[in-house]
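Work out the full structure: start from the sequences and follow the hints.
Top line first, the protein sequences correspond to chains A and B.
Start counting at 1 in the first sequence, then tack on 13, and there's your number in my numbering.
Start counting at 1 in the second sequence, then tack on 26, and there's your number in my numbering.
Rather than coming from a laboratory, the hints here were simulated on the basis of the structure.
A hint or two may mislead.
Now the in silico label distances, taken between C-beta atoms and shown as ranges [to be verified]: (1) A/Glu210 to B/Asp457: 52 to 58 Å; (2) A/Arg103 to B/Arg278: 38 to 44 Å; (3) B/Glu493 to A/Leu47: 46 to 52 Å; (4) B/Tyr462 to A/Pro19: 33 to 39 Å; (5) B/Asp428 to A/Asp28: 58 to 64 Å; (6) A/Arg103 to B/Pro157: 43 to 49 Å; (7) B/Ala425 to A/Asp28: 32 to 38 Å; (8) A/Asn154 to B/Asp175: 48 to 54 Å; (9) A/Ser131 to B/Ala425: 14 to 20 Å.
Footprint (simulated), chain B over chain A, 3 or more residues, beta carbon under 8 Å [as the list claims (entries may be wrong)]: (10) 26-36; (11) 48-57; (12) 84-97; (13) 123-129; (14) 136-148; (15) 159-173; (16) 193-200.
Heads up, the beta-carbon is just placed ideally off N, CA and C, and yes, glycines get one too.
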Amino acid sequence: MADRYPDYDVLAKWDSPSFNDKTREILHARMKLLPRSKHLGEARVATLARLVQRVTPQPEGRAPANTLALVIAKIDADAGDGFRPAGLPRVRAAWQCALDAINAEAREGHGAAFADISDAQADVLLKALSEGQLHGAAWGNLDARTFWSWRLIPDLVSAHWAHPSLWSAMGFGGPASPRGYLRQQAGYRDPWEAEWEHA
Amino acid sequence: MIDQRHDTLDHTPRCGDGRAPDPLVPAGWLPMREYGEDEVDFVIVGTGAGGAPLAAKLAEQGFSVIAMDAGAFFRPLEDFASDEMHQRKLYWTDDRLVDGDNPLQLGANNSGKAVGGSTIHFAMVSLRFRPEHFASRSKLGYGVDWPIDWREMWRYYEEVERMLHISGPVRYPWGPKRPRYPLRVHPMNAGAQYLARGAKALGIDWTETPIATLSTPIGKAHPCVYRGFCVTGCSTNAKQSALVTWIPRAIRAGAEIRDLAMVGRIETDASGRATGVHYHRADAWHFQKARHVVAAGYAIETPRLLLNSANAAQPDGLANSSGLVGRNLMVQLNQAAWGEVDKEVRAYKGPPSLAISEHWNYTDAGKDYLGGWTYMSQGPLPAQWARTLARTRGLWGQALVDEMNRANHTVGLKMVGEVLPNEANRVTLADETDQYGLRIPRVTFSYSDNEKRMMRHAVAFMKQSLEATGARDTWDQMDDTCHLGGTARMGRNAATSVVDADGRSWDVPNLWVCDGSVFPTVGGVNPSLTIQALACRTADRIGALARRGEL
Ligand SMILES: Cc1cc2nc3c(=O)[nH]c(=O)nc-3n(C[C@H](O)[C@H](O)[C@H](O)COP(=O)(O)OP(=O)(O)OC[C@H]3O[C@@H](n4cnc5c(N)ncnc54)[C@H](O)[C@@H]3O)c2cc1C
Ligand code: SF4
Numbered sequence: 014m015a016d017r018y019p020d021y022d023v024l025a026k027w028d029s030p031s032f033n034d035k036t037r038e039i040l041h042a043r044m045k046l047l048p049r050s051k052h053l054g055e056a057r058v059a060t061l062a063r064l065v066q067r068v069t070p071q072p073e074g075r076a077p078a079n080t081l082a083l084v085i086a087k088i089d090a091d092a093g094d095g096f097r098p099a100g101l102p103r104v105r106a107a108w109q110c111a112l113d114a115i116n117a118e119a120r121e122g123h124g125a126a127f128a129d130i131s132d133a134q135a136d137v138l139l140k141a142l143s144e145g146q147l148h149g150a151a152w153g154n155l156d157a158r159t160f161w162s163w164r165l166i167p168d169l170v171s172a173h174w175a176h177p178s179l180w181s182a183m184g185f186g187g188p189a190s191p192r193g194y195l196r197q198q199a200g201y202r203d204p205w206e207a208e209w210e211h212a
Numbered sequence: 027m028i029d030q031r032h033d034t035l036d037h038t039p040r041c042g043d044g045r046a047p048d049p050l051v052p053a054g055w056l057p058m059r060e061y062g063e064d065e066v067d068f069v070i071v072g073t074g075a076g077g078a079p080l081a082a083k084l085a086e087q088g089f090s091v092i093a094m095d096a097g098a099f100f101r102p103l104e105d106f107a108s109d110e111m112h113q114r115k116l117y118w119t120d121d122r123l124v125d126g127d128n129p130l131q132l133g134a135n136n137s138g139k140a141v142g143g144s145t146i147h148f149a150m151v152s153l154r155f156r157p158e159h160f161a162s163r164s165k166l167g168y169g170v171d172w173p174i175d176w177r178e179m180w181r182y183y184e185e186v187e188r189m190l191h192i193s194g195p196v197r198y199p200w201g202p203k204r205p206r207y208p209l210r211v212h213p214m215n216a217g218a219q220y221l222a223r224g225a226k227a228l229g230i231d232w233t234e235t236p237i238a239t240l241s242t243p244i245g246k247a248h249p250c251v252y253r254g255f256c257v258t259g260c261s262t263n264a265k266q267s268a269l270v271t272w273i274p275r276a277i278r279a280g281a282e283i284r285d286l287a288m289v290g291r292i293e294t295d296a297s298g299r300a301t302g303v304h305y306h307r308a309d310a311w312h313f314q315k316a317r318h319v320v321a322a323g324y325a326i327e328t329p330r331l332l333l334n335s336a337n338a339a340q341p342d343g344l345a346n347s348s349g350l351v352g353r354n355l356m357v358q359l360n361q362a363a364w365g366e367v368d369k370e371v372r373a374y375k376g377p378p379s380l381a382i383s384e385h386w387n388y389t390d391a392g393k394d395y396l397g398g399w400t401y402m403s404q405g406p407l408p409a410q411w412a413r414t415l416a417r418t419r420g421l422w423g424q425a426l427v428d429e430m431n432r433a434n435h436t437v438g439l440k441m442v443g444e445v446l447p448n449e450a451n452r453v454t455l456a457d458e459t460d461q462y463g464l465r466i467p468r469v470t471f472s473y474s475d476n477e478k479r480m481m482r483h484a485v486a487f488m489k490q491s492l493e494a495t496g497a498r499d500t501w502d503q504m505d506d507t508c509h510l511g512g513t514a515r516m517g518r519n520a521a522t523s524v525v526d527a528d529g530r531s532w533d534v535p536n537l538w539v540c541d542g543s544v545f546p547t548v549g550g551v552n553p554s555l556t557i558q559a560l561a562c563r564t565a566d567r568i569g570a571l572a573r574r575g576e577l
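So this is what it looks like as structure tokens:
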């Protein structure tokens, strides 16, 4: 479904008072980040790329988000969020094991890598994963459902909605410093906010 | 680069050479007194809502004070981006394990790591406890009494409200009379308007939220510009965090701040008295001698530090003869109701909680559970909202993208609900160690039936309020929590508490706790004003004890 803010682009405010230098600096670095991993290897990156494509689809008619690159960076840095369920390994180890296990499930079920099965097959497999119904040997001690809700979903979703294309699509104001907003009441907007296009 | 914990700030302390950053001026500095390794009167571990006011008020009384924080010393005007991911640098992201029936989400949700502590990314709601909640056992029949009378706290609340220039309503609808708030209220955003309309429709009181962000410029600080990124840090300095209020005051009064200084252990001598702290800074371990040590690391790191400081004489952890260090961990319930409305809400604008109702914090009748709760309007940012939708409603793929794209028409109400003390909810040490070689905390939490009943009532009520304003397709967010408390509770005797009313350990007379972990109960409002009021009280009490020669 195309979004309701086709004429709106957060990045059009790049040189406006809505963006400060720090925000420009970090967004610039983020948007040019490439999906290169020191720790995952080709097969796992391919599996992860497919996961990103199915779980966090690209916005229609907008510059694609580099979600894969951001997730890889997080995994490579082994950067945790300050909590993980007892039994779930640290970020990198958990992802390595899960990517192998997801690929093994695809091979077991469809005789092909997760990156190569059909969209429908991939989605069925992911649904089973989200419901805790995958128990292949490759999971080892990793609980698939815990991985899904405490690692996979937060990591993918946080990376995806860190990209300006996704902000534009939802009509989010985006960066707002030093200039914030004047009109806060229901039904009002400032000229530098997105305009909802009635279908 | 994904800016995770290897930001350069993480490695290079800014405080030193006789100066500390001026948080209100880009590239600015404040002259700062330094004590080197000489023995000081007080070393304070943590500079958040508890540690920062204590540092300021002890230094003003002439004590020599060093306050250490594991986090960085930021200048928000130049260091903060308008960005959820980048601002991860404000959170405590070191390893912690969570378990129990309802494992807690920590990090961004309730744990800061910076000079200024969690107040850098807090939502600024600044409420006084309901008076009866200081004595819930004797007045309401549950929990445990505080060793402090509410009237005394009322005076300290006033001191903190003035210091933080709280903006609030002329007349507050609940509880005993209170003085006027120092600054006028902020204009309400759409979320607040929906709360107000719902409350009117249901016939209960509501008000503009007393909130710690400026509605008028004061000194070098700008007024709030309603940019809405409050929970990722305020880049305009309108937010009255500890960083821009108490910390400069502490530095001017002669306190030394040591940023990026992680305390790993409190040292004790043969007589069991604390002698100082071992801390890690600039890639090496150091020892700071002190006549008094204050733990102010909040409800997970404070008990972790006490447990990690066990010695031959106190093998179960420092100050733990009661066995209560780490026990009675409380959070607050943070369940929500959401719905869709015709008008655009654009919840990303303004501080997230500009209107509030304490009706169910002050009303005891008509409940099938114990304890109180407050509810307020909400304004989630995109990534947080996406995680909420994915987690609560199981959305992913195109369904998630489509729902995200409806966000501007979504309105929500969120509770802050009282969790009762329960010894089984606790912080212990896991066998794994962190980057400093210190054992990491394991945080165990499960809801009791009482809490489940409270959240059911609250969510149903908030939904009713939303529907009364025309919201459609309402749904519940049942699994969120906020704010920590407990784990080193204060009380009237050594058997049933860790510290006394002044925050002084019963077991180790020169060891103190001054943060949210001393709460015996958490009440039905957000905790930061109470933590700061208690810190002011502790500072006064230390002065009084010193004058009597009882320190
Ligand atoms: C997103 C969010 C929103 C919130 N909103 C509100 C709100 O609207 N209203 C409200 O009243 N409260 C709110 N709170 C809660 C409030 O911020 C906290 O309750 C309060 O800051 C806790 O104060 P504290 O001093 O106990 O700990 P903190 O403020 O967390 O400070 C503890 C400090 O100690 C440091 N530290 C810990 N261990 C060590 C160690 N071993 N060595 C060195 N340093 C150490 C940490 O780095 C940290 O800086 C919110 C919190 C969050 C996270
Ligand atoms: S809305 Fe106000 S308090 Fe919040 S971040 Fe913006 S300026 Fe700061």
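Each hint, compared with the structure:
Between A/Glu210 and B/Asp457 the CB atoms are about 57 Å apart, so this pair conforms to the stated range of 52 to 58 Å. A/Arg103 and B/Arg278 have their C-beta atoms about 42 Å apart, which keeps the hinted 38 to 44 Å range intact. Remark: the range hint 46 to 52 Å for B/Glu493 to A/Leu47 is upheld by a beta-carbon distance near 48 Å. With their beta carbons about 51 Å apart, B/Tyr462 and A/Pro19 fall outside the hinted range of 33 to 39 Å.
At about 32 Å, the beta-carbon gap between B/Asp428 and A/Asp28 misses the expected band of 58 to 64 Å. At roughly 46 Å, the beta-carbon separation of A/Arg103 and B/Pro157 lies within the given 43 to 49 Å, and the hint holds. Separation of B/Ala425 from A/Asp28 is about 36 Å and conforms to the stated range, judged on CB atoms against 32 to 38 Å. Hint check: A/Asn154 to B/Asp175, Cβ distance near 52 Å, so the stated range 48 to 54 Å holds.
A beta carbon spacing of about 19 Å between A/Ser131 and B/Ala425 agrees with the range 14 to 20 Å that was offered as a hint. Check on the region 26-36 of chain A: 6 of its residues sit with their Cβ under 8 Å from a Cβ of chain B, so the three-residue criterion for coverage holds. With 0 residues having a beta carbon nearer than 8 Å to a beta carbon of chain B, the region 48-57 of chain A misses the requirement of three or more and the stated coverage is violated. Counting residues of the region 84-97 of chain A whose CB falls under 8 Å from any CB of chain B gives 9; the rule of at least 3 is met.
Counting residues of the region 123-129 of chain A whose CB lies closer than 8 Å to any CB of chain B gives 0, which falls below the minimum of 3, so the coverage claim is violated. Only residues whose beta carbon comes within less than 8 Å of a beta carbon in chain B count, and the region 136-148 of chain A has 3; three or more means the coverage holds. Restraint check on the region 159-173 of chain A versus chain B: 7 residues with Cβ-Cβ distances below 8 Å, three needed, restraint holds. Under a criterion of three residues with beta carbons nearer than 8 Å to beta carbons of chain B, the stated coverage of the region 193-200 of chain A is upheld, 7 such residues being counted.
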